[in-house]
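Chemist: My request is simple: use the sequences and hints to build the entire structure.
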Amino acid sequence: GEDVEQSLFLSVREGDSSVINCTYTDSSSTYLYWYKQEPGAGLQLLTYIFSNMDMKQDQRLTVLLNKKDKHLSLRIADTQTGDSAIYFCAESKNTGGFKTIFGAGTRLFVKA
Amino acid sequence: DAMVIQNPRYQVTQFGKPVTLSCSQTLNHNVMYWYQQKSSQAPKLLFHYYDKDFNNEADTPDNFQSRRPNTSFCFLDIRSPGLGDAAMYLCATSRARLSSTDTQYFGPGTRLTVL
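Residue numbers (the numbering used here), protein chains in the order written: chain C, 1 to 112; chain U, 113 to 227.
A portion of the hints provided could be inaccurate.
Result set (SDA-like, lysine to any residue): computed pairs, CA atoms no more than 20 Å apart in a straight line [said to hold, decoys possible]:
hint : chain 1 : residue 1 : chain 2 : residue 2
1    : C       : K99       : U       : F159
2    : C       : K36       : U       : S152
3    : C       : K36       : U       : R223
4    : C       : K36       : C       : D78
Hints listed in this document are in silico derivations from the structure and should not be mistaken for laboratory results.
Modeler: If you want it as structure tokens, here you go:
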């Protein structure tokens with residue numbers, strides 16, 4: 001089956017690192033994504049990782065993938081108040097289809 | 113600068129009164145999607161168009177219809193909105209089938225309230 005699960009809330013202090021976790025069930029998933037949604041805005045693609053990778057780093061963002069445990073995480077270094085948003089984990093398959101399965105989103109609160 | 117535009121941003125309708133939500137794109141993408149996102153839930157794909165080809169998800173209620181008169185515009189019609197249809201409706205586009213280079217671009221969403 002297809003299911004993506006995330007914890008609903010995370011609170012961190014400004015300057016600390018944030019780690020948002022996600023688990024997925026479909027082992028055939030090939031692309032795993034992190035989207036950010038700010039209040040009143042649409043989803044913005046932050047980064048993605050292929051299922052044959054273990055890690056991807058992009059400036060303050062680090063994505064870690066544990067395929068064995070079907071676990072994906074997003075680490076935000078030096079978290080800023082502007083990082084406060086909802087972060088969605090998502091997966092899609094290599095068949096080049098049209099369906100992306102999203103998690104329910106993790107709301108990140110950054111305290112000044 | 114806006115690439116995927118949704119109008120209106122907020123829509124209020126009455127129970128049973130048909131409503132149409134609008135999406136337009138300046139990206140010239142082949143694929144347009146409609147998602148329903150209820151509070152604290154994942155966005156759920158309702159249907160998508162690949163050019164003029166319409167593809168309905170199996171669990172999308174018949175109450176929801178869509179039209180795509182041209183590449184730039186796509187409409188979501190809710191024929192008889194129920195209280196359970198109150199949600200954020202997200203429009204998205206992609207150039208082609210989803211892959212590492214063809215990802216989705218989302219609009220800001222239309223929040224629908226049903227009274």
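Chemist: Tell me, which hint numbers fail for this structure?
Modeler: Hints that this structure does not satisfy do not exist here, as all of them hold.
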